[in-house]
Amino acid sequence: MTTTQTPLLNIKNLSVEFGSVGNPFRAVEGLDLTVQQGEIVGIVGESGSGKSVTMMAMMGLLEGQGRIVADDLTFDGKNLLTISGRDRRKIVGKDIAMIFQDPMTSLNPSYTVGYQIMEVLKVHQGLRGAALQARALELMELVEIPAAKTRLHAYPHQLSGGMSQRVMIAVALACNPKLLIADEPTTALDVTIQAQIMDLLVNLQKERNMALIMITHDLAVISEVAHRVAVMYAGQVVEIGKVPNLFRHPTHPYTEALLASIPEHSKGARRLSTLPGIVPGQYDRPKGCLLSPRCLYATEHCHQERPGMTQHDTGAVRCFYPLVDKEAV
Amino acid sequence: MFSFLLRRIGVLIPTFLGITLLTFTLIRLIPGDPIEVMVGERSLSPTLHAAAMKRLGLDQPIATQYMNYLGQLLHGNLGTSLKTQENVWVEFKTLFPATLELALAALAFATIVGLLAGIIAAIKRGSIFDHGVMTISLTGFSMPIFWWGLILIMLFSVLLGWTPVSGRLDLAFDVQPQTGFMLIDAWRAELADPSLNAGAFKDAVKHLILPAIVLGTIPLAVIARMTRSSMLEVLREDYVRTARAKGLSPARVIFVHTLRNALIPVLTVIGLQVGTLMGGAVLTETIFSWPGIGKWLIDAIGRRDYPVVQNGILLVASLVILTNFIVDILYGIANPRIRHAK
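Residue numbers (my numbering), protein chains in the order written: chain A, 1 to 329; chain B, 1 to 342.
Worth flagging that the hints you see were computed from the coordinates, not collected in a lab. Keep in mind the model is a prediction, meaning the values are calculated, not measured. All C-beta atoms, glycine included, are put in the ideal place defined by N, C-alpha and C. Each hint should be verified, as a subset may be incorrect.
[Unchecked claim] DEER-style ranges, computed between Cβ atoms:
#: 1; chain 1: A; residue 1: S160; chain 2: B; residue 2: R8; range: 28 to 38 Å
#: 2; chain 1: A; residue 1: F25; chain 2: B; residue 2: I333; range: 52 to 62 Å
#: 3; chain 1: B; residue 1: G18; chain 2: A; residue 2: E141; range: 48 to 58 Å
#: 4; chain 1: A; residue 1: Q158; chain 2: B; residue 2: I62; range: 15 to 25 Å
Same shape as in the complex, but just chain B (with noise of 0.2 Å):
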């Protein structure tokens, strides 16, 4: 086990290298820079401009600026936000809840929603059940978010007036940020002053509803796909027939002798979710006027901030590794055929 855990760890180094790379040069290929988009449409002398550069060291070659930036981070610096002058650590730890929030929410509806369809699908194959579930999920896939979070958002919230529109929360509570997480906050705000926060917990709810669909509609539709092939593939193989020949219910067949095997692909595609989450967050933020991460990122890139960009997705990528390292973890946990190789 420790040898699989240090051969893991040995694959992050390259990773994070390349990750620190790519968003390096991204961010610098897009035209304009930070100078510029501050100034906006007044014009600015080019001896000021040089000037402005120099102080924010983007005058150097790109190879020193990429060997000052990686000089940084080994320090452990993420370096600050031009715009707000704030530290980029700060920020991320003051937004990333919003996300995470979200981001859990959509992942426990498409785990919890995708693992049954895939289930009940694959038992009763061939029904009209597996077919809906099938169709439906493709669509689900091929949607595109934005569109997808409009059209949600026109029905229930413009048409039926069920959820509100955008936000985390109604404007008539008051609520104090303290966990970040805006269930939490807003239940314990509800309980320590009942008459001013009645109501709060349950209007936090409306608000996640919405978004937690649309951004897990697509981990949705992985998982139940995912689920169902996993789980026939399963149900065909001989210890499945066994199971049945010692007279077992078929319940404990299912659930015992083949979801526990059919689930290990299952739980790396929920790992692997997670990017598709991070990336979906964005979109799907931005619709809702959600204050996370994602909203932050693209507002940084709107502004050419460069520390935030690159240090926001590096912390987000990291976040995408780390989780995936995790259910590589699991893996081993849920199949001992990996635990014991040497």
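So that you can see chain A by itself, here it is in the shape it has in the complex (with noise of 0.2 Å):
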């Protein structure tokens, strides 16, 4: 996996805490993450395990209220940590962009969707007049949106949650993004919607050669278009690999306890398996690994030892006990 390209976003032992400094709580601890230009990563996890809460403190969307400590967070050879609010507008927005789960309410009720589309172009490609809306009428075409000249001046509540999704995927393409982050861009939508949005996404990417990062917990989805995938849990990375390897012959016992809880992957099954136990909260954080309450292989090793990262040939696993491919068994 080891490539000689400088990573367009290199993220290094990323941590970042809520709260307050004597009794803070760490949303995400110790993570690690590139992404090559072109790239797909698909971040997958539980509600909570921190994968929103990365990109946001990457993008700088956390407002102050969290605290980033990291050894390195650069995008495009520039250093996230000690830029200026500023410098950092002109990336955002612009080089990363970013579109989230809600699309519905992601939107200003107050303006048109053209209005809100112009805005960025506006901002960052200072386009003015004519220019201005014969681009936004071209990219509210390349996100298919049908009668796209009548609906610049729709109002968000006018438009269906999938319509809404492709305005934020206008929006966010708008100034030739670098990287585009979609958290669950598919998780408020109809399923029959979601195959639609997921196949545009994919599409632009490939055309764009933009990287895309992928949050969500629809491992099916991910297995489709990742190349990579990084699976999280309590803020942490579990386990990092390349897709297909990672889905056929996970190294950690999460990673296998999340595919096992897929229907595909576990035909005959009368049941689905699932893992016992819930993902510790603030308090409750186990001394060892932090899966170690809920983990089947767990031994007194795992329960008084945090495992870091150990790297294997096509990715890295935070176990002691890595699982070996049963089949080469």
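The two chains are supplied separately, each in an independent frame; assemble them into the complex guided by the hints.
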């Protein structure tokens, strides 16, 4: 997996803390992630595992609420840890763009769709007048919105969820970003629309060779589109690896449990397998491995000490006893 | 939009009926009648009293009196004052500009200061400024107007001598009421005759400041608190996060994406303050001897001047209702989701 190319995004040992200094809650802990240009990286994990917070921290959207510490946080050669707010705003929305989970609430209800698309073009590219209109229309057509011309004057409440998400994608793509972050872009949509939006995203990614970080808890989607996947649990990346290796031969017990909970992966089983217990919260973090209270394979060692990331030939895993390929044994 | 208007208007009819019924009964519940008040301590024989009451039509059963009153109203007749024999509408028209001037000044003060304080408090949430604004506005909201007015008069008029104690203009000036708005009339008088009326406008402003602050204090507190909480709510919205993710400047995020949506409930609250202002005007005008309808109504209640009380209050209430009606429509303009609702 090692490439000589410098990654577009390089995150090293990122931690994000909330709450008071004396009694902090670590939403993200020791996170490493690299994204190459044109690569699709999936981040999967349960709700509250720190997927979104990581991306929000990177984009500077936590608004001083979270404390961000990292050894390295570089995007496109720029250090996002020390960058000024003004310089960051030149990147955010232009080179890094993000779309969110609920398109119906992510658009401002008081402005027309056209206004909200044109706003980015005005701010980042200084477009005005007819050129601005034309570019906005072009973007609406790019994301396959029918009757784009009339829809420019529509208010968000007049659009369906799927249409709203297309508008959000148009806003995100307005300035040809190098990296697009899609934070559960289809979770709030109807099943039939989900596939359409996902296809649209993947097609646009290929066309423009932009990097795409896809945050989701839908493993099926990730296994189809992503090049690499990071699995997060309680604020840590527990396993990262290439697709399809990671899905065929999970090495972390949590990844294995996640896969076992997908119907396609457990054909013939009468009940889907589940992992007992819940994700530890702020006050009940175990001393050892964060998964140890729920892990089927946990030993005394796991309860006493937290494992670090161990590299292997197709990725890395945070486990003292990574699972071995059953077929190989 | 048309059906929206019709529905709003439909609600108005029972409201007006309710107001007439309330004022009609309440003023009659106060002991004493107009004749007794007029006569005062001198005694009046029961026959003369009965004759006088009959002349005013007050001898008839209450229900009949009420129906007569409604009949008059439907003919657009607001009656005449028992004291001055002047038409109630004419009296109202003469006095109203004074109240309007005071109320507008108070509302302008409350809106400008309240919005600013609320916005800054929301942006700097948890700061000393935020706590300060919240504490002061709670104090302002709980302050009895008459007490607050007297304290300010003591401090600024009596102790410091910065502002006059009462009235709308110093007697030294010769200003003819034209618009009824003292600021405008004084301005014009000063321009017309600079030698005689030099400084009239400044004097009118000085007279207006203190009453406007007193009357505007409660609306100011309400507007500041409402703006703050509404801003905080909108700042948590997903679309504000979207605005930040677009790389917009903090000023753009606040003023374009947050404030516009946060102002919708504030607008309603400002509209509702018109009622508070009219109620407050009664006290404020009395404290500052401000010759407006508040003082006029208080005097009329004292004299049991039934036509003035009934119709004066009806006029004030209509005004409050009308303002809220306009606010409702503005609300529809500010919020496309309401405008388009079928």
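Practice item. Starting from the range 28 to 38 Å, see whether the pair S160(A) and R8(B) falls in it by beta-carbon distance. Key: Given range 28 to 38 Å: holds, Cβ gap about 30 Å.
Review point. Is 52 to 62 Å right for how far apart the beta carbons of F25(A) and I333(B) are?
Key: violated (44 Å)
Review point. Lying within 48 to 58 Å: is that true of the beta-carbon distance G18(B) to E141(A)?
Key: holds (57 Å)
Exercise for review: Can you let me know if the beta-carbon spacing of Q158(A) and I62(B) is within 15 to 25 Å?
Suggested key: violated (55 Å)
Going down the numbered hints, you'll see the structure goes against 2 and 4, while the others check out.
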